[in-house]
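Protein chains in written order, with this note's numbering: chain G, 75 to 425; chain C, 75 to 425; chain F, 39 to 640; chain S, 39 to 640.
Everything labelled a hint here was simulated from the structure, so no lab data went into it.
Keep in mind it's a predicted model, so treat the numbers as computed, not measured.
Please note that a few of the clues may not be correct.
[Said to hold, decoys possible] Below are the DSSO-like pairs computed for lysine-lysine, each with C-alpha atoms no more than 30 angstroms apart in a straight line:
no.: 1; chain 1: G; residue 1: K419; chain 2: S; residue 2: K437
no.: 2; chain 1: G; residue 1: K419; chain 2: C; residue 2: K399
no.: 3; chain 1: S; residue 1: K282; chain 2: G; residue 2: K399
no.: 4; chain 1: F; residue 1: K454; chain 2: C; residue 2: K399
no.: 5; chain 1: F; residue 1: K282; chain 2: G; residue 2: K233
[Claimed, not checked] A few chain C residues facing chain G, derived, Cβ under 7 angstroms:
no.: 6; residue: R202
no.: 7; residue: Q242
no.: 8; residue: P243
Each residue gets a CB set at the ideal place from its N, CA and C atoms; glycine is no exception.
Okay, here's what each chain looks like letter by letter:
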Amino acid sequence: MSFMSKPTVRHPKLPVNDIGLTVRDYEGGMSTLCAGCGHDSVTGALVQAAFELSIPTHRFAKLSGIGCSSKTPAYFLRDSHGFNSTHGRMPSVATGANSANRDLYYIGVSGDGDSLSIGMGQFVHAIRRNINMLYLIENNGVYGLTKGQFSAAADKGSKAKKGETNLQPPIDPCQTAITLGATFVARGFSGDKDQLVPLLKAGMKHRGFGLIDIISPCVTFNDHEGSTKSYAYTREHFNLAIAANFVPPVEEITAKYEEGTSMPVKLHDGSTIVLRKIDQDFDPMDRISALRNLQENAEAGEVTTGLLYIDESQPEMHEVDNTTKTPLVDLDYSQVCPGNDTLQKIQSRYR
Amino acid sequence: MSFMSKPTVRHPKLPVNDIGLTVRDYEGGMSTLCAGCGHDSVTGALVQAAFELSIPTHRFAKLSGIGCSSKTPAYFLRDSHGFNSTHGRMPSVATGANSANRDLYYIGVSGDGDSLSIGMGQFVHAIRRNINMLYLIENNGVYGLTKGQFSAAADKGSKAKKGETNLQPPIDPCQTAITLGATFVARGFSGDKDQLVPLLKAGMKHRGFGLIDIISPCVTFNDHEGSTKSYAYTREHFNLAIAANFVPPVEEITAKYEEGTSMPVKLHDGSTIVLRKIDQDFDPMDRISALRNLQENAEAGEVTTGLLYIDESQPEMHEVDNTTKTPLVDLDYSQVCPGNDTLQKIQSRYR
Amino acid sequence: MNEPSVNEFTIKIANVNGTGSASANGMLMKSLFRMGIPVVGKNYFPSNIQGLPTWYEIRASEKGYLARSGRIDLMVAMNAETYNIDLTEVAPGGYLLYDSTWPRHSMLTRDDITIIGVPLAKICNENFPNARIRVLMKNVAYVGVIAALLDVDLEVIKQLLSEAFAKKADLLEANQLAINMGYGYAKAHLDTPLPFSARISDKTAEHIIIDGNTSSGLGCVYAGATVGAWYPITPSTSVMDGFKHFCELTRKDPETGEKNFCIIQAEDELAAMGMVLGAAWAGARAFTPTSGPGISLMSEFLGYGYFTEIPAVVFNVQRCGPSTGMPTRTQQSDITSCAFASHGDTRHVLLFPANPEECFYAARDAFDLADRLQTPVIVLSDLDIGMNDWMCADLHWDKNYQPDRGKLLRAEDLEKIEEFHRYLDIDGDAITSRTVPGDHPKGAYFTRGSGHNMYGAYTEDAGEYLQVVDRLRRKWDTAKSYVPGPAINYSEKNNTGIISIGSCNHAVREAIDTLGEEGLGVNYMRIKALPFNGQVQEFIEAHDKIYVVEQNRDAQLKSLLCLELKVPDEQLTEVLHYNGLPVTAGFVVDAIHQDLAKGVAA
Amino acid sequence: MNEPSVNEFTIKIANVNGTGSASANGMLMKSLFRMGIPVVGKNYFPSNIQGLPTWYEIRASEKGYLARSGRIDLMVAMNAETYNIDLTEVAPGGYLLYDSTWPRHSMLTRDDITIIGVPLAKICNENFPNARIRVLMKNVAYVGVIAALLDVDLEVIKQLLSEAFAKKADLLEANQLAINMGYGYAKAHLDTPLPFSARISDKTAEHIIIDGNTSSGLGCVYAGATVGAWYPITPSTSVMDGFKHFCELTRKDPETGEKNFCIIQAEDELAAMGMVLGAAWAGARAFTPTSGPGISLMSEFLGYGYFTEIPAVVFNVQRCGPSTGMPTRTQQSDITSCAFASHGDTRHVLLFPANPEECFYAARDAFDLADRLQTPVIVLSDLDIGMNDWMCADLHWDKNYQPDRGKLLRAEDLEKIEEFHRYLDIDGDAITSRTVPGDHPKGAYFTRGSGHNMYGAYTEDAGEYLQVVDRLRRKWDTAKSYVPGPAINYSEKNNTGIISIGSCNHAVREAIDTLGEEGLGVNYMRIKALPFNGQVQEFIEAHDKIYVVEQNRDAQLKSLLCLELKVPDEQLTEVLHYNGLPVTAGFVVDAIHQDLAKGVAA
Ligand SMILES: Cc1ncc(C[n+]2csc(CCOP(=O)(O)OP(=O)(O)O)c2C)c(N)n1
Ligand SMILES: Cc1ncc(C[n+]2csc(CCOP(=O)(O)OP(=O)(O)O)c2C)c(N)n1
Ligand code: SF4
Ligand code: SF4
Ligand SMILES: [Mg+2]
Ligand SMILES: [Mg+2]
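Only chain G is shown next, with the shape it has when bound in the complex (with noise of 0.2 angstroms):
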C-alpha cells in the first residue's frame, strides 16, 4: 500500500486555504492499520492541521521510527518528503535533517514502544537540544505491531487482551519531558480531534522541541475492559487541564480574557496560542506545577489532557549554536570551501 497509489480527485467544493490546496492535497496514502485503530485519527489531525496552517506540503518533513504508529507518515502530507527510520531512531535522524535544514517543519511520528523503550535515549537528548520539530508519541500502552506486548507506557495493573497484568510502573513522557526541560508539552486524545488540531498547530508553530502525548488506542491489542488505554477508559478518565486554541499572526485575539484563566501565549512567527484553564490548580508556564498536578492526577486514574507547559524563551538547537540562518543544504561550495591559499597558511602551523 504506498501513498502513491491514491489518485488525487480534487472535489471542485472542497474549500480551500491560503494558498489554495484543499484538504485532500495533505492526505497521504491508504491506511494499512486496524479499522479503528486511534492512529489513523491522529492522521486525520494531523492533515487537517497542517491544511489549515496553509504550509506548503513539500516543506514539511516527517520522520518516524518503527511500529504501527510509525507507518503513519505514509498516510499523511503525500508531497512530503518521508523518513521511515529504524526502530526508536528518529529522533536522531530528526535532529541530522534539522541541522542541515534549519527551516522545514518536521513532525516526528513514534509510539509509546519506539520512544520509551528502544528510544528513550534520543528522545531525551532531542529534548535536551531542543530540536525544532513537532514530536508526536501516539501512545497505546501496547507495542501493536508485534502483537500487544505491554510497552513502558502500561500503567501498573492494566490488564493485557490474554489477562494479564502489567506490574511495572509507566513512564510518562509528559512527566520526563518536562522534568528534562522540554519547552512545549501536551496531551492530547485521538478520540478528540477538536482538541487535538490546535494543539497540533500550535506545536508545528512552537520554536523548539514540542511533544504532544496522544493517547491513541489500539483496537486490537489494547482496547478491551481493564485495559487504562482503551477508548472506554480515556473517554471516561478524560481530563481536560488546559485548553488550547491557535490563532494565526494575522488574525486578531479578538475575545477577552479573564485575567488568570485565560491567557495568550505568542509564538516566535507571530502566532498566538490562547490557554484556558480548565483545571484551575494547573499552570502551565510552572514546571512544578504541571509535574504536580500530572503525578496527582495520575495517581488518582485521571488522563491530563491539553497543553500542560509551554515556554517560548527557549533557544533551539540553531539558536543555541549560532547556525547561520540559511539552511546549510542551501549554502555554496564556496561559501564553506576556505580556498588553498588558507590550505597553505594553515600548513605553517605544521612545519
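For chain G, the structure is supplied; the task is to place chains C, F and S with the ligands on it using the hints.
Using the frame of chain G, we list chains C, F and S with the ligands on its own:
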C-alpha cells in the same frame, strides 16, 4: 595496574568489623586515576561503607560501564566479582546478574557520561524495574577518560578548561530518577566522606534501586574557575537538605527525634536510616516536594545534597515477578527440568 | 497434477489478515495430519495487523516432501484484492475455489484450470446472525468445502473441533454447522473428490506438528535456562512466548506461584544482550531470541562476550534483510553478520537447525557448547522454521541428561584448589575455568572487555595481549571438535555434491530425489555448525562439483566455506534463493540443470 | 647502529603521562624536521589520564623510512617504573640516558650499551622554584641534553620555543633556560655527539608534520561537509576536534559569529550515525568519526544507509580489539566488520588511507564517492595514522574542485523532468536519483528501511524486492570503477609480491628495500579501497607468490581478497602483526624469511 598486584598486609592494630575483617580487606588495587580525582574519594567511602556493614567481600558484585569512574571497581573490594562492561550498558548487565542471583549486593558505578548520554535508556529502565542495587553516578560534568568534553550533566554556563561555555541545559539524574519513580535518590559529594558513607550504607541496604549522584570533581579537566563541578564551586554551593544516618538492625535508636525534622525509616532488613531535615522545605517522602526543591535550588545555582527521596514500600524486580527465593543460579537442574514424561504430555497438543 | 493422485497435493488459501482464517487453515492441515498424511503449513503474512493479503499453503505429501512445493493444485481465493495473482499461480490442470456470492470479473479466468464457485458468504449470512461470526465461519465453511473436495475425513475434523472448543459449546456448534454447510454444499453441487485427494495413511505416527520458535522455547526449558531476556521482534517473538508458556506450565510452585525462572522484556536488544551476559556471568543459563536488526544492535556486546568468554545463547530467527527489509519473509542472510558480529578480530560459534525438531535439541546443544566453550553461541533458524507448522518426529528427553557446564568451578571445587586464575589455560585446550559470583572469595575475578592478561589483570602489554587473543583463536580450533558435525548422505558412486544449511534441507532432499530419478546421483551434506570440522572438509574434497544451496544473495555460507576451509572458489557453485519465500526443490533442480547446461555449452 | 651514522636513528623517551612531556618530545621531533631530516613521532600512551607509563619514539631517517623502526638507539629512561623493560629494549651498542639525581638499582644494567646519567631533577630543582614548573622543565632539560648528544641545531630549538611561547614571556624564558641547562651539562660532562647524530639536510621542504585525525578533519572542511555528528572515542576524537577547529577558523562570520557548519556531540554512536543519515538525507555532506565499538553500535544504521542509499561518511580510526581491547593501541582489525556491517546482505564501500596526507584527500574522495554511489562510505584509518606525527607532502587544494554530488536533483533539475522516482535505474549503472527535502513538491519521496520497489513504494512482493537488492549488488560493480585503484610498484622481473594496506605502507616499503638489497625483488600493491577493481586482480594473477601484510589476527584483508576476487587461498600468504604496536619493516622481512625457509625445508 591490576588489583592483584597489591599484597594484603594486615596491620595488627587495625580494627575489625563484625565478621572479623579489617578495612584493608575491603580495598582493591592501586588506583590509576589522576591524583586528587574525586572518584578516588568515592572509592574510599565505598570501602569504608562496605567494611562498616560487615558484609563478606565475596557477596558483593561490582559492575561498571566505561570511563574513569567506571574504572574504580578495580580499586575497591578486591575479593568481589567485578564486571567492567561496555560504555553505558552496566544497567542491563546488573539487571541480568541480579535476575540470576537475587542475593548479592550489587554496586554499579557509572559516570555522568556513561549514565546520562549513551546509557540514558538503560538507566531509566533499571529504575523502572526497581532493580535491587546501589547505583552510583560519579558526576564530574565531563567525559574524563576522553579528555574533557562536556557531559549531559554539565550546567548551562559552565566553562570548559579551554574556555568554551556549555549552552545546553543539564540533565539532573536525581530529578529524572524521582520523576521516573525511583525509590531511593540521594546526592553526595566526593569531598564529604562523612555524609557519603552513611548514604552508601543506606543505599546498599535499600530494597530496590538506590541512586546516589555524587559530585566528584575531575581535577584534570573540570576543576578550574568557571566550572560548576569543581571542588571550590561545589563546596561553596553545597546545600545539605536531608542528612541521613544509617543504623544497623542490632543497634537501638537512642537519640530523640524532634517531630517533623527527624524521622527514622525502616529498611527491609531491619536496619534504619534516620533522616534529619536541614532544609525545612524538603520532604524526602514526597516526590513533588523533592522535585520542587531540587529545581528551585538548581536554578539558584545550589548543589542540593543528602537523601532526597525515599520510598521503602515499592517491590523490587523479583518481588514484582514473584521469583523463587532461592537464587536461580543455585537451583538444581532437577528443579528446572520438567522431565520426559511431561514432554510427552506437552506434545499431545501438537498432534 | 494431471493424473489422479493420492496424498500429494498443495492447497493455498488466500485471505485477508485479521479475519480469523488462521485457525480454520490450521484445522485443515491438522486433519490431514491426523489422517496419517505428512503435511506442512506455510503462512505468508504481511507486516501489519489487519486488512492486508495473507496466504496459507498446505502441502500434503505421502512421500514426506515437506518443502514449499512451488506448485498450487488448489487455490482457495478468498481475497478479491489478490484474486488476479492467485489465479495465475494455480498449476495447469489445477483448481481454484472462490466465493461465488459475488460475481467474478469476467476477464479474470483461465482455460487450463477448473474454477469452482461456492457462495460461501451467502451460506454464512443465511445461517449466522452476527457479523463477526459470519466472517469467521466463512473460513470454516471453506474448510468444509475442501474436506469434500479432497475427501478429508469429516470425523477427524469434528474431533479437532470438539477438542478446540471443549469449553465453548456455542462456538463448537457454530463451527460444526459451518463445516457441514460447506461439506454439504460441495457434496451436493460439485464433483467430489478432485483427481487429487486425501486418504487415511500411517505416516504421521510418533510425529507432531510444531513451529520452530515454540520448540526452541521448549528446548530452553529443558536445557535448564533460567533467565530469558528479549525485546519483541518478528519473527523471533514466539520463542520467548514459548519459553514463558512452558515455564509457567512446569516451573511455577503450585502453592506460592513462585517462579523458577526470570523473564525480562528488555527496553531494546542492546539491553537484552547485556542482561544475558550479566545473568550468564552470574552463573545462570541465559538466552535471548532476536532477529537481524537485533543482531546488529547486539554487536558490541557479542564482541564483549567473545573477548571476556561469557557463555551466552542467542537465537536469531532470520528474516529478509537488509535493514528492516521484509520482516515477515524468510532468508538466511545473517550468517556473515553473526559469524563476525562486532569489531576487532571476533568470531562466533553458530548452530544451524533445519527444522523445529532440531531447534529443540539445538537449544540444549547451544547451552552445552556455550558453557563448554565459554563464548556466545548463536542459533540461526529463520522465519520459515520458526513460524511455520512443520511435521517432526516426537521429541524425547534423555532422563540422564545433565547440563554440561564446562569448566565452571563452584564453591566446593574452589575449596580444593590452591589458586584460581580466570584466563589461565591449564589443560591446553584453550579453555579456562570460571566461577560463580558470590560462591567463594577465592573465586573472585574481574571481567573486562579491555586488555587483560591470563590472570585476568588489566594489561596494555603487547605480549600479554597476544597470549589471550592467540588462545581465543586456538579455542576456535577446540570448538571444531565440540560442535555438531554435518549431516551427510554419501555414496562413492557420486562425484557431485550439494551443501546446504538450515531450512533448505527439505527442498534439497526432494531435489536430490528428482535429480536421482533423472539419473544424476548427488551426495548431500548439511552444515550444522560453525566452525566447520574435518568431515566438512572431507566431503568437499571428495567431490568434483559441489553446489552450495542457501537463502541469501551474497553466498554467505559458501563464502565461509571458502574462507575457513580454504576451498578454491571454483569448487563450489552458488545456488542462491533470496526472494523472501522458502526455497523449493524445483528451484534447486532448475539451478543445477542450468549450471549443467552451461557446462555442456562451454 | 655500531658505525657512526648521520640522520638515521631512533630515540625513545619513557615517561609518565600527565607530566607534560608531550610538548617537549614534540619539540625535539620538530627540530629535527626543521633541520631538513625526515622524521616520525610515535606515541605509546596508556588508556588513562595521568600517572601511567607512556613512551614517545622519534625516528629520524634521511632515507625517509618512517615506519616504527623496531630498534632503539637512544633510550631516554625517565620513568623508574619501566626502567627495567626500557633498558632491555636498547639495541646493542646503543645508549640509555637516565636521571642520575637518584641512584639506579645496581642490578639493572647492561654491558653492551652505554648508560649516560644526567642529574636532571637536581639541575631543575636548583634552577626552578615552583614544583609544577620543575616537573615540566625536567622534560625540556632532557631535550637540551639530547640536542647536545645528537648535535641538534640549538637555534632551531630556540626558534621553535619562541614561536610556541610568543605570548608567554616567562614560560619562554624558563624553557630556554632548561634547554641551555641540559645542553650545557651535556657539553660539559658527556662525550658529544654520539656516533649517530643529526646534520642539516634538505629532505623536508614542502612537507608538513601532521597527524591523520587533524588532516581528516581538515579534509572534511575542504570537501564541504557542513554537518558533523560524533560521540567521543579514542583514538578518533581528534578528527572532530580538527574539523571544529578549522571550521571555527574559516567558516564563522567574523561579525555575527554565525557558523556555516553544525557540529553535534551526540549522546552515543547510534545517535551520531542517525544524525549523519538525517543530515545526508536532507542534502548536506555529513560525517561521523568513530572507532571499533562505535562501528558495532552503528551497524543497524549502516545497513539502513545501504538499503535506503543515503550517502554518509564514517571515519573509523581503528584501535586494538576485540571489544574495548586496548584503546590506545593500533590495529587494522575492523576491515571485516566494516565491509559487512549490519545484518542481511549488506556490504560497504571502504577507503584505506595510508597516512595523514591520504586522510586529507580520502575525506574528499569519501564524500564524492558517497554522493556518487549513494551509500555509506567508511574511511578506515587507525590509531597509528590518526594520532601519531607523520611527515607528509604539503597539502594542496585544486581551486577548480567542485563536489561531485552525483545524481542529486535540486529544484531546477526537477522542474525539467516529468516525474521523479527515487529508486528507478534510468541510466543502467544501478545508481538512481535523489532529491533534497523541501526543494520541490515533485521531489518528495518516502525513505524506508523496509521492502520498497523501484518507485519507492512499500512492497512485500518477491519480485519487486529482488529488483532492488539485485540492483544494489550491481551498484557494487559500478563502485569498482569509481573507487581509487591500488598503488602499485611493479616490475616484470619479480614474481613475488606484497599486498598491504593503510598504515603498513612505510614498513612494507622499507622491507622491500631490505629484501631487494638481499637480492629478492618484490613487487608491491597497496589496496586503497573496497570493492577491489581489475588492477587488484591483475596484480595477484601476475605473481606466483604474494604476501598479504596487515595488522590483525584473522587475516581480514586477505580474506576479502579471496572472497571478492575468488583467489585461491594458497596464492596468498598471511603476514599478520597484531600486538597493538605499529608493524615494523623488520617484522615483515623476518616473516618472509621464515616463509622462504619453510619453502626450502619442505
Ligand atoms: C531493532 C528492532 N527491534 C524490534 C523491532 C520490532 N518492533 C517493531 S514495532 C515494535 C514496537 C512498536 O511499538 P510502538 O512504538 O508502541 O508502536 P505501535 O505499534 O504500538 O503503534 C517492535 C518492538 C524492530 N523493528 N526493530
Ligand atoms: C561505545 C563507546 N563509545 C565511546 C567510548 C569512549 N569513552 C570512554 S569513557 C567515555 C566517557 C566517560 O565519561 P563519564 O562516564 O562521565 O566518566 P568519567 O571519565 O568522567 O569518570 C567515552 C565517551 C567507549 N569506550 N565506548
Ligand atoms: S495493531 Fe493496534 S496499533 Fe496497530 S494498527 Fe491495529 S489497532 Fe492500530
Ligand atoms: S581525568 Fe578527571 S575523572 Fe579522569 S582520573 Fe583524571 S581527574 Fe579523575
Ligand atoms: Mg504502542
Ligand atoms: Mg564524567
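(message) Just to be careful, I want the Cα atoms of K282/F and K233/G compared with a cutoff of 30 angstroms; is the pair within it?
(response) holds, 18 angstroms
(request) With chain G as the partner, please determine if Q242/C meets the hint condition of a C-beta pair closer than 7 angstroms. (result) holds, 6 angstroms
(message) Next pair to validate is K419/G with K437/S; report whether the Cα-Cα distance is within 30 angstroms.
(response) This hinted pair holds, its Cα atoms lying about 15 angstroms apart.
(message) Does the closest beta carbon of chain G sit nearer than 7 angstroms to the beta carbon of R202/C?
(response) Interface hint status for R202/C: holds (6 angstroms vs cutoff 7 angstroms).
(request) For the pair supplied as a hint, K454/F and K399/C, confirm whether the alpha-carbon distance does not exceed 30 angstroms. (result) holds, 29 angstroms
(request) With a cut-off of 30 angstroms on the C-alpha distance, tell me whether K282/S and K399/G pass. (result) Holds, at about 19 angstroms.
(request) Take the C-alpha atoms of K419/G and K399/C, compute the straight-line distance between them, and say whether it is at most 30 angstroms. (result) violated, 71 angstroms
(message) Restraint: P243/C near chain G, CB-CB cut 7 angstroms. Satisfied or not?
(response) This interface hint holds because 5 angstroms falls under the 7 angstroms limit.
The earlier numbered hint that this structure contradicts is number 2, and it is the only one.
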